[in-house]
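Trainee: The lines below spell out each chain.
There are 2 protein chains.
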Amino acid sequence: MKNIRVIAFDADDTLWVNEPNYRKTEDRFCELLSGYMPAESVSEELFKTEMENLPVYGYGAKGFMLSMIETLIRVSDGKAGLELIDQVISLGKELLKKPVEVMEGVRDVLERLNGNYRLVLATKGDLLDQERKLSWSGLQEHFHHIEIMSEKNTRGYRKLLRNIDCEPECFLMVGNSLKSDVIPVLELGGYAVHVPYHINWAHELVDQEIDNPRFLEAKNISELLKILQ
Amino acid sequence: MKNIRVIAFDADDTLWVNEPNYRKTEDRFCELLSGYMPAESVSEELFKTEMENLPVYGYGAKGFMLSMIETLIRVSDGKAGLELIDQVISLGKELLKKPVEVMEGVRDVLERLNGNYRLVLATKGDLLDQERKLSWSGLQEHFHHIEIMSEKNTRGYRKLLRNIDCEPECFLMVGNSLKSDVIPVLELGGYAVHVPYHINWAHELVDQEIDNPRFLEAKNISELLKILQ
Chain X
53 MKNIRVIAFD ADDTLWVNEP NYRKTEDRFC ELLSGYMPAE SVSEELFKTE MENLPVYGYG
113 AKGFMLSMIE TLIRVSDGKA GLELIDQVIS LGKELLKKPV EVMEGVRDVL ERLNGNYRLV
173 LATKGDLLDQ ERKLSWSGLQ EHFHHIEIMS EKNTRGYRKL LRNIDCEPEC FLMVGNSLKS
233 DVIPVLELGG YAVHVPYHIN WAHELVDQEI DNPRFLEAKN ISELLKILQ
Chain S
53 MKNIRVIAFD ADDTLWVNEP NYRKTEDRFC ELLSGYMPAE SVSEELFKTE MENLPVYGYG
113 AKGFMLSMIE TLIRVSDGKA GLELIDQVIS LGKELLKKPV EVMEGVRDVL ERLNGNYRLV
173 LATKGDLLDQ ERKLSWSGLQ EHFHHIEIMS EKNTRGYRKL LRNIDCEPEC FLMVGNSLKS
233 DVIPVLELGG YAVHVPYHIN WAHELVDQEI DNPRFLEAKN ISELLKILQ
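Taken in order, these protein sequences are the chains called X and S.
If you read the first sequence in this note's numbering, its first letter stands for residue 53, the second for the next number, and so on.
If you read the second sequence in this note's numbering, its first letter stands for residue 53, the second for the next number, and so on.
These are calculated hints, taken from the structure and not from any lab test.
One or more of the hints may lead you astray.
It does not matter which identical chain is meant; a pair holds if it fits inside one copy or across any two.
Unchecked claim - Once the Cα atoms are required to be at most 25 Å apart in a straight line, the calculated BS3-like pairs of lysine-lysine come out as: (1) K150 - K131; (2) K211 - K131; (3) K145 - K131; (4) K278 - K145; (5) K100 - K131; (6) K145 - K76.
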């Protein structure tokens, strides 16, 4: 890892809490529809809608809101009242205005690495929402470059590397998703450190053992400092 | 203009048709609600909702869809059926899947400038939607850098200039909006060429005469070649 010049961090559930907020919103959404279907089934229907809409909406809270609305219409068979739609919009707006909770150890790690490495934020989701979270997190000053990606695949990372003028062998990605933060980066010849989070969106799960000399698993973000020593 | 090294182009209604598609969608939305209110009033209500939601949703089609839904609930006083919401979602998805219509002269201008200047695309809206339009336009190969901005103000342009490592006095912005493409760029000390479009979103209108030696008005995008000679 001696050749690493740039360290890129995923944001949601790596630097700050995200998925638990979506889960809480989803739980409340399922409650709204409890008269029509058990929570677990509503949840499955919502995931189905999200996956169908992903190519059109992309990632982020606004697409999530639109998918909840569509699911509500389908699950209630068009019979729910507009007040339920109104409540879904309120749930979504709450999610978008949620205060940002920076995860333990993050501030310290960024402070220590800054100066020795160029630090990059590489995230996906709604543009304005991610910028807002970064601004509210107070972590902005640590980053030399912010990349908000429509998809975290090899194509997206290739573009990022071009934008920051960095060779893959000098690039380390840190994040909680094997699918989005690890696999495509390793494929390009970069390094990746996986910092698991206790709760993951079903879409990010992969059933794959990773055996690659450029890959490391960390228990928490603070371990990154040891890894880089 | 001899010092210009980078030319940045706005996308919507500068490179390809956009606002007319939104207007058509809005017209159909107003028709849906014609039983509750005259079209003009629905349109005013929608604009009011959009402006209220802009700080939370930002620009783009998904925010537009959510604002239509919210307006529908308010205008119908919660009395419309869910099938109307369903139709609004369909209208929005159609808008997101609309083929891209590149404007006259654009391809030729980009081909002639490419090589002599670094060309940048600087636009706002939904990340995935703008990437899709660029890809469908077939214009991607002409651009050295794509910047999708959450807000086209001086702060946003300062960030863009930093990202592409360009001084304001070497930067020319071309676009149809005085508010988003001209005024903030002039403020930073850059150059701007305004190429008006016959139809503009009310939010982009400014009542301001611009008198600045670094500002020029063009009748159409092809005039840019003459201006740069």
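Trainee: At most 25 Å between alpha carbons: which applies to K145 and K76, within, between, both or neither?
Mentor: within (13 Å within a copy, 27 Å between copies)
Trainee: When no copy is named, should K211 and K131 be tagged within, between, both, or neither for a Cα gap of at most 25 Å?
Mentor: neither (46 Å within a copy, 48 Å between copies)
Trainee: Which holds for K100 with K131 at a C-alpha limit of 25 Å: within a copy, between copies, both or neither?
Mentor: So K100 and K131 pass the 25 Å test inside one copy only (20 Å; across, 29 Å).
Trainee: Check K150 against K131 for me: Cα-Cα at most 25 Å, and say if that holds within a copy, between copies, both or neither.
Mentor: neither (31 Å within a copy, 30 Å between copies)
Trainee: Up to 25 Å between alpha-carbons, please classify K145 paired with K131: within, between, both or neither.
Mentor: So K145 and K131 pass the 25 Å test inside a copy (24 Å) and across (22 Å) alike.
Trainee: Are the CA atoms of K278 and K145 at most 25 Å apart within a copy, between copies, both, or neither?
Mentor: Intra 40 Å, inter 48 Å, cutoff 25 Å: neither.
Consistency note: the structure conflicts with the earlier hints numbered 1, 2, 4.
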